[in-house]
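Colleague: Listed below are the residues making up each chain.
There are 2 protein chains.
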Amino acid sequence: MPIQPIPGGVTAARGFTAAGVHCGIRKNADKKDLALIAASVPCTAAAVYTQNLVKAAPLAVTLRHLQNGAARAVLVNSGNANACAPGGEEAALRSCRAAAQALGIAPEDVIVASTGVIGVPLPAGAIESALPALAAALSADGGDGAAEAIMTTDLTPKVYAVRFEVGGQTATLGGIAKGSGMIHPNMATMLSFVTTDAAISAAALQTALRESARTTYNRISVDGDTSTNDMNAVLASGLAGNPEITGPGPDYDAFLAALNAVNGYLARQIARDGEGATKLVTCRVDGARDEETAARLARSVIASSLVKTMMFGADANVGRVLCAMGYAGVPFEPAEVDIAFSSAAGRIQVCAGGLGLAFDEARAKAVLSEGEVDILCTLRGGGGRAEAFGCDLSYDYVKINGDYRS
Amino acid sequence: MPIQPIPGGVTAARGFTAAGVHCGIRKNADKKDLALIAASVPCTAAAVYTQNLVKAAPLAVTLRHLQNGAARAVLVNSGNANACAPGGEEAALRSCRAAAQALGIAPEDVIVASTGVIGVPLPAGAIESALPALAAALSADGGDGAAEAIMTTDLTPKVYAVRFEVGGQTATLGGIAKGSGMIHPNMATMLSFVTTDAAISAAALQTALRESARTTYNRISVDGDTSTNDMNAVLASGLAGNPEITGPGPDYDAFLAALNAVNGYLARQIARDGEGATKLVTCRVDGARDEETAARLARSVIASSLVKTMMFGADANVGRVLCAMGYAGVPFEPAEVDIAFSSAAGRIQVCAGGLGLAFDEARAKAVLSEGEVDILCTLRGGGGRAEAFGCDLSYDYVKINGDYRS
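If you read the protein sequences in the order shown, they are chains A and B. Just so we're aligned, residue -3 is where the first sequence starts under the working numbering, counting upward by one. Just so we're aligned, residue -3 is where the second sequence starts under the working numbering, counting upward by one.
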């Protein structure tokens, strides 16, 4: 059975419910700002975090709570990052205790995360007050509500789930994510929460998550800013009944493929919905010395402000792509680079052997005007290939970030 | 005698003339696109170049021409980068030969540079045709014309000169520069040409230029894109009559101080006139472990899209400054960071010990609304200090770069 998309997101897998409510952190009462995901049974759990030296308080709390590789709930607020503000850890702990009390579990089994403005104290009281109602609202249909509640400047909720086969059983894996701003490789400013009913040990889950984040979330760039709050966490309930995955093998590979399918989809959704973005831009590099070299080149192209504005203007200025490859800080032979742009409107080669080609401007404009555009860079240096995901840079990015707090 | 600003730019020093004309590379006949700087005597010369792996053809030619540390002229075109296009080196050589013939000097004594669109063949014929008239137009008043001719999306020409004392003589040092887009540390997309009548050996000149570029041009960021064409070259005629500077000592220090004064001024002008910029933003970091750590932190703040849009919106969102320090990739203690914003409208502290402070929003808005704003970050990690220069990110940056070629 191939991996199949199914509805349901973070509540698609057996054993999980979710809900999202407005608790008052955000001024707008119509905007949900608190999400809860709960498991009916003890789960193995794993997480990866931002590599920013300045880390939000909930990350420190979650890191401690996951030391035993187990968890039963995820509590997330939007509207406040709980970073660089007094009393941050205590506010995060209070949130965990309130969730634990409402769910009848231990506070150490709660994963806590925040997103929003930095430097303002988190109103933990609002979270505490909202938790009884939030816990009461948990349901198997609540994945979308949770996805909405974690959004900041996101325009659309990000939800995806798949069904796959592992160890002779049918398992499910699904997730929700938020992105939009402060999005850059090495976790991006994003939150992503995945649940699965596959049985997998905490150690194998951590390995799979790290491997998957490397080629999905860590290959996104919206604005070059790595947030203080990034977190990608996974809970596994084991209710699919497959023999527990504990290390390398076909079952691990099947699980990783499903995890990559969900994380890859959510990562592209985050790039597509970057602040002010009008299109998803993917850069694929083939023929680099190795995968890491390919990834560095692809990310440098995706992160370039000049490439991003060119994509916004649908102006096929290939020199900017070559230039961004040139300052990526990895070795390649500029005279061996071929570049093409590709989209639903067709494919047009604009560079061969490191030299710009004459091309039909109108056709190039048509190719670059689509909602999803690929930049295809082919080298002759080896077998390394990688993709990176980003978006264009528009007037709206400036507008959104020129006055984010108001 | 302290260092004193004087008029004249690149023709202020004894022995130099300059001119700028329209030769036809640009469509607009009113926009000068070819500049020539000539020395009346043989000069020692030095240059530093972009660190982009993809290098424009004129850089390779200039590198060869400067191997003997001597030059007598600088030829620069705007409107075409002569990068990633067929026949680039031959076009650069033809330009040098035409300049040499018009001036009666050897082609190897010509420094050649280009700026403009990448990937389009340079029309060397237009340069050859224009050179007799350009050489005839050379004058001691021509520095401004040359400064205009090297502009691309720059709004203002960048010109500065100083008088200083060295070895008992009064010497002069002045320059012109262009910037605007593809501006980032490690030379930025910028060209800068400096002349001096101080006597200094080629080796000492190269050392001084490298040292000066490190703390001036390499501390600018407009958009994070390091160009394929950056070059900063210096010619020294020796006509001031000071004993030749050949190595460390008070005379070298006096020369370096003058070079830093001119390069520092031009660097700030480039940042102030970044594409779409409405203000000059300077980040000063004090108390870092060492100067390099301070410089990395300051540049990370200056380069952050979120800090740049916040500066455009005059919104004192200090979390973005802390966040950008956190992903700079250098060690510091987040809990020891104090941050203030400062401008002609006053100074306001917004962060103490890594935690955001409550502050008067109206006053902060006033401070950030000035044309020059400083971000002051004070650590307690040591004696390292550094400044980095940049600008805000505005709607106009997107507009300019969404359709640069048209």
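Take these hints with a grain of salt, some might be off.
Just so you know, same-sequence chains aren't split out, so a pair can sit in one copy or run between any two.
Under the rule of at most 20 Å between Cα atoms (straight-line distance), these lysine to any residue pairs were calculated in the SDA-like manner [what the hints assert, rightly or not]:
(1) K361 / I396
(2) K361 / K395
(3) K395 / R159
(4) K395 / E124
(5) K395 / T152
(6) K27 / R264
(7) K395 / D370
(8) K23 / E144
(9) K361 / V326
(10) K23 / E357
(11) K395 / H18
Worth flagging that the hints you see were computed from the coordinates, not collected in a lab.
Colleague: For every hint, state whether the structure bears it out.
Modeller: How the hints compare with the structure:
1. K361 / I396: between (27 Å within a copy, 17 Å between copies)
2. K361 / K395: between (25 Å within a copy, 17 Å between copies)
3. K395 / R159: neither (40 Å within a copy, 45 Å between copies)
4. K395 / E124: Result: close neither inside a copy nor across copies, 34 Å intra and 46 Å inter.
5. K395 / T152: Within one copy, since 18 Å is at most 20 Å while 26 Å is not.
6. K27 / R264: neither (24 Å within a copy, 44 Å between copies)
7. K395 / D370: Cα proximity of K395 and D370: none, with 26 Å in one copy and 22 Å across.
8. K23 / E144: within (16 Å within a copy, 51 Å between copies)
9. K361 / V326: For K361 and V326, the Cα distance exceeds 20 Å both inside one copy (30 Å) and across copies (42 Å).
10. K23 / E357: Intra 48 Å, inter 18 Å, cutoff 20 Å: inter-copy only.
11. K395 / H18: Neither, since 26 Å and 38 Å both go past 20 Å.
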